[in-house]
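> Given next are the chains, with one letter for each unit.
There are 2 protein chains.
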Amino acid sequence: MAKPSLDFWFDFASTYSYPAAMRIASLAETSGIAVRWRPFMLGPIFKAQGWATSPFNLYPAKGRNMWRDLERVCAALDLPFNRPDPFPQNSLLAARAALVALADNWGESYCRAIYRAEFGEGRNIEKPEAIGEILNSLGQDADAVLEQAQSTNIKSQLREQTDEAQRLGLFGSPSFVTAGGELFWGNDRLEAALDWARR
Amino acid sequence: MAKPSLDFWFDFASTYSYPAAMRIASLAETSGIAVRWRPFMLGPIFKAQGWATSPFNLYPAKGRNMWRDLERVCAALDLPFNRPDPFPQNSLLAARAALVALADNWGESYCRAIYRAEFGEGRNIEKPEAIGEILNSLGQDADAVLEQAQSTNIKSQLREQTDEAQRLGLFGSPSFVTAGGELFWGNDRLEAALDWARR
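Chains as they are written, first to last, in our numbering: chain A, 1 to 199; chain B, 1 to 199.
It is possible that part of the hints are untrue.
[As the list claims (entries may be wrong)] Using 25 Å as the maximum straight-line C-alpha spacing, the simulated DSS-like pairs for lysine-lysine come out as follows:
(1) LYS47(A) - LYS155(A)
(2) LYS47(A) - LYS62(B)
(3) LYS47(B) - LYS62(A)
(4) LYS47(B) - LYS62(B)
(5) LYS127(B) - LYS47(B)
(6) LYS62(A) - LYS62(B)
(7) LYS127(A) - LYS47(A)
(8) LYS155(B) - LYS127(B)
(9) LYS47(A) - LYS62(A)
(10) LYS155(B) - LYS47(B)
(11) LYS127(B) - LYS47(A)
(12) LYS127(A) - LYS155(A)
The hints are simulated quantities; they were obtained by calculation from the structure and are not laboratory data. These numbers were taken from a predicted model, which means no experiment stands behind them.
Use the sequences and the hints to build the structure in full.
Written out as structure tokens, the structure is:
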């Protein structure tokens, strides 16, 4: 019988997706769940509800609490944490490269490396050079991957995936969706989503 | 030595404050923490950041997820759940009566009874009659409590408490603040807040 599966929807600009991305593989393995990593762009979804930037910037009290809370969450998980500047970062190229990577067998390592650079080390992950460095560190041919990431095919794949996220009613990252369509939002719901997927 | 303490800030209109209110007493007892129950009004705080109603109404996808998630959270805790209509409810009188109750020794029971009626049974908790019924069920003199709840003293006490919440940077309910000023937001952070208070 096939393993039960869970879709892990994430935007590289999203703060709480960092601990989720670092935790999901080992938790899913323990639970016997197959995880599909699905990058998407939150920007168009935020824009559709009238937000021009992250709600953490629009609502300063919420933002202050988020940074402090994320710091505590990472400390509890023994994850390095450094606040990136600017925030949010433009995650478009990183997401396109993720689609290239995830079609191969090093996709999850790439996604974790992007999140670790961004929120663990506070590095910028917007520019081709920054992503190229990470690709090199994974033993990949950075130029080739970046070229493929900018192909029409990959661009429209990411657009379709973002449309699908919107159709599913996703409004934040990380989100987890079971095969039966049950939606869970937030790093705090990762365990509950895996439990649900196993039922 | 005095017990370490934690302030529990809540608005009766807030959905996730229901499970928090039902859980906090026993968790705090186990942790050896003294909890101060502090009702406040979220409305003025939301208004100050441009929201005329609950963000769960302003952002439908967020709202749909919240109701479903709250249902799952309550099921996991074996708490009854019924969605109240209208939402959010006007919690002003309930909060004023809470200040009367909390000055006496039946305050926590009253707060739990309001939350249980509202989110456990889906009952309206806006009107004096509705609150009076709950007061009666607690063996209190409903008329006397409601009269005191409408006194100038109690009205300004609630206003001051809401001002204090705003000064503390609170932006949602439930919130937990330690004696050292560490802020935790959300039912999901209750355990972390208690741990922090004990350090």
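> Hint by hint, say whether it matches the structure.
Results for each hint:
| no. | hint | result |
| --- | --- | --- |
| 1 | LYS47(A) - LYS155(A) | holds, 19 Å |
| 2 | LYS47(A) - LYS62(B) | holds, 14 Å |
| 3 | LYS47(B) - LYS62(A) | holds, 14 Å |
| 4 | LYS47(B) - LYS62(B) | holds, 19 Å |
| 5 | LYS127(B) - LYS47(B) | holds, 23 Å |
| 6 | LYS62(A) - LYS62(B) | holds, 16 Å |
| 7 | LYS127(A) - LYS47(A) | holds, 23 Å |
| 8 | LYS155(B) - LYS127(B) | holds, 16 Å |
| 9 | LYS47(A) - LYS62(A) | holds, 19 Å |
| 10 | LYS155(B) - LYS47(B) | holds, 19 Å |
| 11 | LYS127(B) - LYS47(A) | violated, 39 Å |
| 12 | LYS127(A) - LYS155(A) | holds, 16 Å |
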